[in-house]
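Q: Spelled out, the chains give:
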Amino acid sequence: MANQNRGTIGQQIELPFSESVRISYQSLMLRFGRSIITTAGITLGIAFLVFVVISNEISTSIVGGSASEQLMDLGEEQETGISTKDKWLIIMSLIVCVVGITNSMLMSVTERFREIGTMKCLGALDHFVVILFLLESGFQGFAGALVGALIGFVASLLMSLANFGLDIFMDFPLLSVLLWILGGSVLGMLLAVFGAAFPAWRAAKLPPAEAMRTEV
Amino acid sequence: MAEVIVKTDQVVKEYRMGNNVVKALNGVNLEIYQGEYLSLMGPSGSGKSTLFNMIGALDRPTKGSVFIDGQNTSGLTTSQIAWLRCHKIGYIFQSYNLLHVMTALENVTLPMIFAGLSVKERNKKGEELLELVGLDDRIYHLPDELSGGQRQRVAVARALANDPNIVLADEPTANLDMIIGREIITLIKRLNQEKNVTVISATHDLKMLDVSDRIVDIRDGVVERIRNRDEIELEVGEVTGH
Ligand SMILES: Nc1ncnc2c1ncn2[C@@H]1O[C@H](COP(=O)(O)OP(=O)(O)OP(=O)(O)O)[C@@H](O)[C@H]1O
Ligand SMILES: [Mg+2]
Chain A
1003 MANQNRGTIG QQIELPFSES VRISYQSLML RFGRSIITTA GITLGIAFLV
1053 FVVISNEIST SIVGGSASEQ LMDLGEEQET GISTKDKWLI IMSLIVCVVG
1103 ITNSMLMSVT ERFREIGTMK CLGALDHFVV ILFLLESGFQ GFAGALVGAL
1153 IGFVASLLMS LANFGLDIFM DFPLLSVLLW ILGGSVLGML LAVFGAAFPA
1203 WRAAKLPPAE AMRTEV
Chain B
3 MAEVIVKTDQ VVKEYRMGNN VVKALNGVNL EIYQGEYLSL MGPSGSGKST
53 LFNMIGALDR PTKGSVFIDG QNTSGLTTSQ IAWLRCHKIG YIFQSYNLLH
103 VMTALENVTL PMIFAGLSVK ERNKKGEELL ELVGLDDRIY HLPDELSGGQ
153 RQRVAVARAL ANDPNIVLAD EPTANLDMII GREIITLIKR LNQEKNVTVI
203 SATHDLKMLD VSDRIVDIRD GVVERIRNRD EIELEVGEVT GH
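In order, the protein sequences belong to chains A and B.
Take the position in the first sequence, starting the count at 1, then add 1002; the result is the number in our numbering.
Take the position in the second sequence, starting the count at 1, then add 2; the result is the number in our numbering.
Treat the hints as calculated values from the structure; they're not laboratory data.
Keep in mind that this is a model prediction, so the values were computed, not measured.
Virtual Cβ for every residue (Gly too), placed ideally from N, Cα, C.
Incorrect hints may appear among the rest.
Unchecked claim - For lysine-lysine, the following DSSO-like pairs were computed, each having C-alpha atoms within a straight-line distance of at most 27 Å:
#, chain 1, residue 1, chain 2, residue 2
1, B, LYS197, B, LYS127
2, B, LYS191, B, LYS209
3, A, LYS1207, B, LYS25
4, B, LYS9, B, LYS122
5, B, LYS9, B, LYS197
6, B, LYS65, A, LYS1207
7, B, LYS25, B, LYS65
8, B, LYS65, B, LYS126
9, B, LYS126, A, LYS1207
Claimed, not checked - Footprint (simulated), chain A over chain B, 3 or more residues, beta carbon under 8 Å:
#, stretch
10, 72-81
11, 123-132
12, 207-213
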C-alpha cells in the first residue's frame, strides 16, 4: 500500500490523446451554460464577418454579372470590386471578430486557473493542461463559428433579397459563399484556439500554488 | 523514531510585491517522519500555507531545499515533479478544489488517469475509496450536489487515489462546522493509522490537537516550537476540560 513507491522518483507518463479528447469534450458539455456564453461571442463575431463579406459578394456579383445593366444607375458604390466603405466594414468586422473571440477565450480560461492548478496538483503535465484547453476551445470555436457563419449567410441573403430582389440568383456566387461559410468556421476555430493558447499556456507554466490563488 | 519522509533545510520564501519583499518563510528547518500526524499551527499570515506549498512541491522556495524521501525537489525535472505530486503526495484544501464538472467518482479517479490506470482499475479503486470515506451512495453526484462535509470527503478520497506516502492538508476543516469538522479530522486520523500515511496539516483548529503526534508552531515564518504528543495531552486537558 502506502510504501510501495519508496525511494525512487519516476517520470510522469504521457496520456493517450483519446483521454484528452474525452475529458475536454465532457468538460465542455457539462459547462454548457458557461460555454454557450463564450461560444456566443464567437458566433456573433463570425456572423458579422460572414454577413458583411457575403453581402458584398452578392452585390458585387449582381453588378459584375448579367444583372448589372439594370443596376448601373445606382451610383458609385456599384463599381466592380469592393468599395472603400466595404473594405473598411470588412476590416472592422475582422477586428471585432479577433478581439471578441480572443477576449472570450481569455476570460473563460482565466476563470479556470484554479482548476488548472488543481489538475497539476493531481499530477497533470503542463502540456496536458494546454492540450485540454486547446481541444476544448477548438471544438467550441468550430461549433460557434459554424453557427455564426450560417446566421451571417442567411442574414446576408435576406438583406440582398430585400435590396435586389430575386435578381441575386441569376448570378449567385455559390462557390465563394460556400468557401466563406467554411472559411469563417475555420477562422473562428483558429481564433478560439489562438485566444485560449496564451492564457492556458501561461497558467500551465505557473506553479500550482500561484495558479490556485488567482481569483478573477 | 521512523524514517524521515520530508525534510526542509533552511527554507526561505519571499514574495515580491512591487518594491516590497514579504518574507513568508524565514529559514524553516523541519524533519517529518513517515506515518506521523503532524499539525502546523500558527496565527493567520504566519506562513502555514506557504510551507504547505513548499512541502507539496506546489511552489519553489526562494532559498533552501525541500527533501521528499531523500530527494531534493529542486533538482527534479517538471516530469518528475508531476510524478511526485501524482504518486507520493495527496492534497486536501480548505475549499475542496474539486472539479465541478466531474462526479465524485471522476474526481477521485482523475489522479489515477494521470497515473495510467485503466478505466476498470480506476473505477474499482475509486469506488473502494469513496466507500472508505463513507460516500458509496454518492459516487455519481456532482460536487454541487454534495454538502461541504461530503465534498471534503471526496477530496480526502481523491488525496488517497494513488496510495501516497504523504497527505498534505491546508485547513481542511476551516469551511466546516464543529461536528462535520471533527468527522473529517477523525477520518483523516483513521486513514493515517490504517494506511500509515504521513499527514501534514496546517490548521487553526484546536480539535486537531488531540489527534496530532506532533504540533509545529509557526510564527513569522519560522518554527517557534515543536510539541510532542505527551506534552499536547496535558494541554488538551486544560483546553477542553476532560
Ligand atoms: N503569493 C503571495 N504573494 C504575496 N504575499 C504572499 C503570497 N502568499 C503569501 N503571502 C504572504 O506571506 C505571508 C504568509 O502567508 P500564508 O498564506 O502562508 O499564511 P498562513 O499562515 O497560511 O495564514 P492563514 O492562517 O490566514 O491561512 C503573509 O504575510 C501573506 O500575506
Ligand atoms: Mg493559510
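Q: Next, verify each hint and record whether it holds.
A: Hint-by-hint comparison with the structure:
1. B:LYS197 x B:LYS127: With Cα atoms ~15 Å apart, B:LYS197 and B:LYS127 stay inside 27 Å; holds.
2. B:LYS191 x B:LYS209: Satisfied, since the Cα-Cα distance of roughly 12 Å is no more than 27 Å.
3. A:LYS1207 x B:LYS25: holds, 23 Å
4. B:LYS9 x B:LYS122: Judged against 27 Å, a Cα distance of about 37 Å means the pair is violated.
5. B:LYS9 x B:LYS197: Distance ~21 Å between B:LYS9 and B:LYS197 Cα, so the pair holds.
6. B:LYS65 x A:LYS1207: holds, 20 Å
7. B:LYS25 x B:LYS65: holds, 11 Å
8. B:LYS65 x B:LYS126: Between B:LYS65 and B:LYS126 the Cα gap is close to 43 Å, so the pair fails against 27 Å, i.e. violated.
9. B:LYS126 x A:LYS1207: violated, 33 Å
10. 72-81: holds (count 6)
11. 123-132: Result for this restraint: violated, n = 0.
12. 207-213: Result for this restraint: violated, n = 0.
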